[in-house]
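Line by line, the protein sequences give chains A and B. Sequential numbering from 307 applies to the first sequence in the working numbering. Sequential numbering from 11 applies to the second sequence in the working numbering.
Don't read these hints as lab results, they were simulated from the structure. Computed from a predicted structure; not experimentally measured. Just so you know, not all the hints are guaranteed correct.
What the hints assert, rightly or not - Just so you have them, the derived chain B footprint on chain A, three or more residues with Cβ under 8 Å:
#1 322-336
#2 344-354
#3 372-386
Claimed, not checked - Derived DEER-like restraints, expressed as beta-carbon distance ranges:
#4 A:D379 / B:L219: 28 to 38 Å
#5 B:A334 / A:D361: 35 to 45 Å
#6 A:D364 / B:D86: 41 to 51 Å
#7 B:G261 / A:P325: 36 to 46 Å
For each residue, glycine too, the CB sits at the ideal point set by N, CA and C.
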Amino acid sequence: MPKVTYVQQDGTQTVLDLPAGTTVMRAAVAAGVRGIVAECGGNLMCATCHVYTGDGADGVFPGATDDEDELLDCTAEPRRDNSRLSCQLSLTDQVEQLVVHVPGAQT
Amino acid sequence: MTRGAGGNDAGGHGGVVVVGAGQAGVQVAESLREAGYDDPVILVGEEPRPPYQRPPLSKEYLAGKLPDAELALRGDRFYEDRGIRLLVGRRAVELDRSGRVLTLDDGTVLPYGHLVLATGARPRPLPVPGGRLEGVVGLRTLDDAQELCRRLESARDVVVIGAGFIGLEFAAACRAAGLNPVVLDIAEQVMGRAVSAPTAAHFAEQHGLRGTRLLMGTAPTELVGRDGRVTGVRTADGTTIPADLVVTGVGVLPNTELAALAGLDTDNGIVVDEYLATEDPHISAIGDCAAFPDPRGGGRIRLESVQNAADQARCLAARLTGAARPYDALPWFWSYQGDLRLQIAGLATGHDHTVVRKDERTQGLSVYCFRGSSLVAVESVNRPADHMAARRLLASGVTVTPEDVAGPEFSARAHMARATDSERRAPA
Numbered sequence: 307m308p309k310v311t312y313v314q315q316d317g318t319q320t321v322l323d324l325p326a327g328t329t330v331m332r333a334a335v336a337a338g339v340r341g342i343v344a345e346c347g348g349n350l351m352c353a354t355c356h357v358y359t360g361d362g363a364d365g366v367f368p369g370a371t372d373d374e375d376e377l378l379d380c381t382a383e384p385r386r387d388n389s390r391l392s393c394q395l396s397l398t399d400q401v402e403q404l405v406v407h408v409p410g411a412q413t
Numbered sequence: 011m012t013r014g015a016g017g018n019d020a021g022g023h024g025g026v027v028v029v030g031a032g033q034a035g036v037q038v039a040e041s042l043r044e045a046g047y048d049d050p051v052i053l054v055g056e057e058p059r060p061p062y063q064r065p066p067l068s069k070e071y072l073a074g075k076l077p078d079a080e081l082a083l084r085g086d087r088f089y090e091d092r093g094i095r096l097l098v099g100r101r102a103v104e105l106d107r108s109g110r111v112l113t114l115d116d117g118t119v120l121p122y123g124h125l126v127l128a129t130g131a132r133p134r135p136l137p138v139p140g141g142r143l144e145g146v147v148g149l150r151t152l153d154d155a156q157e158l159c160r161r162l163e164s165a166r167d168v169v170v171i172g173a174g175f176i177g178l179e180f181a182a183a184c185r186a187a188g189l190n191p192v193v194l195d196i197a198e199q200v201m202g203r204a205v206s207a208p209t210a211a212h213f214a215e216q217h218g219l220r221g222t223r224l225l226m227g228t229a230p231t232e233l234v235g236r237d238g239r240v241t242g243v244r245t246a247d248g249t250t251i252p253a254d255l256v257v258t259g260v261g262v263l264p265n266t267e268l269a270a271l272a273g274l275d276t277d278n279g280i281v282v283d284e285y286l287a288t289e290d291p292h293i294s295a296i297g298d299c300a301a302f303p304d305p306r307g308g309g310r311i312r313l314e315s316v317q318n319a320a321d322q323a324r325c326l327a328a329r330l331t332g333a334a335r336p337y338d339a340l341p342w343f344w345s346y347q348g349d350l351r352l353q354i355a356g357l358a359t360g361h362d363h364t365v366v367r368k369d370e371r372t373q374g375l376s377v378y379c380f381r382g383s384s385l386v387a388v389e390s391v392n393r394p395a396d397h398m399a400a401r402r403l404l405a406s407g408v409t410v411t412p413e414d415v416a417g418p419e420f421s422a423r424a425h426m427a428r429a430t431d432s433e434r435r436a437p438a
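Chain A on its own, in the form it takes in the complex:
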């Protein structure tokens, strides 16, 4: 079962054991993880579920599509090489331990 750790700017962590099939965004919203706003509900129409991926992300997710790439230019906090929209990060059994860093602002 994938284990995802959400790390806030102040260092606070939320660790969730999640079933494969959900996304990093949806799981965060259900659990009330601060800072994942996801206002469009996962339709790739906003950029408010922005995360910086950390350990465990290499090679387990497909790369960003053109649409995601364009929206990553619209994030409230600066885009970095490890920026992703968490609605596009679907958890599979390939993901064992994943760390994502939540930016300070989404809107």
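Assemble the complex: chain A is given as a structure, and chain B must be docked to it using the hints.
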């Protein structure tokens, strides 16, 4: 001592009671806890299930792309973990303002320090005979959506009354189910006054191309039926359009009854000031049911959107925990109609001029709405990056003229970047 939640001195007297467990109610409870509020928080919901998201009901949910489990607004443990008492399947029936006590339909009596009315809205009933025939369905609740899913499996002739957001979203869902719905509306323009003429024209054209028959300027006069089941919709010109499923989406009415019974001022919503407070210092109203002063000077308005519900909830929670500020968030909306994805930033009401920018590659477009020389709203179709940039532009107050937008190289994002860049360089 805990922080008081009332006008001035309400702490300790029952904490915060929230009537309505939709987007606004859940958000105010969550934001109170995030701000460290530690008196009781009680959330009362009329529907017999934990709070869920409404927007997907007319979109992904109908299309079968979103399972029930994913509809929940928050996870199972969310409320308990935060000490939010959730009372669902109960209706508030009486409000005693002098005693600061709310009574529910099962006799439960809840004293409050501060009462939040987040009662939402309900579909406006169809003002013609036949609205109670079997096969005539509105769309607001999960029960409605489940009934529609069932009926879509066997429906052949679907008529949608009302070419607003809900009606057009439902029409798109019908097409996904292999049906070609008829949509009729008394207005000449789809989505009424909520969008500009170029956006409305684009949607009317695109819905038509995808198989929806739009009958604008057409008034239904009666729903006709046989053996209690709907068989058709009769219109003002005397024609009867065959129908075995009629979906109505003719707007909503704010749920103001509880407030009105308690003597609070209502006028197309529960009247509140810029702090979302009613005339009673111990009662506030937020979300679809609240009529509030438009911070951009448009008089008193009432908005039906997730953004308005959530932002008003955050604003109120801040006031109740000692950080009062007037509500001034920029409104934004969305409506996904199949592959047509509309996003609106700002309020186009009262605009007198539009500039349309089309993107030939993606078939998307953005419509910039101006009142005089001021940009008041931007409507984007399949241009999410334009929408996000437009929100920043409108919220920042950066000047954008119709001439700027009409320029060959204009993009909202580049304009915003240039404006903030030159500000940064300007001497203080």
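Hint check against the structure, violated hint numbers in rising order: Of the numbered hints, just 6 does not hold.
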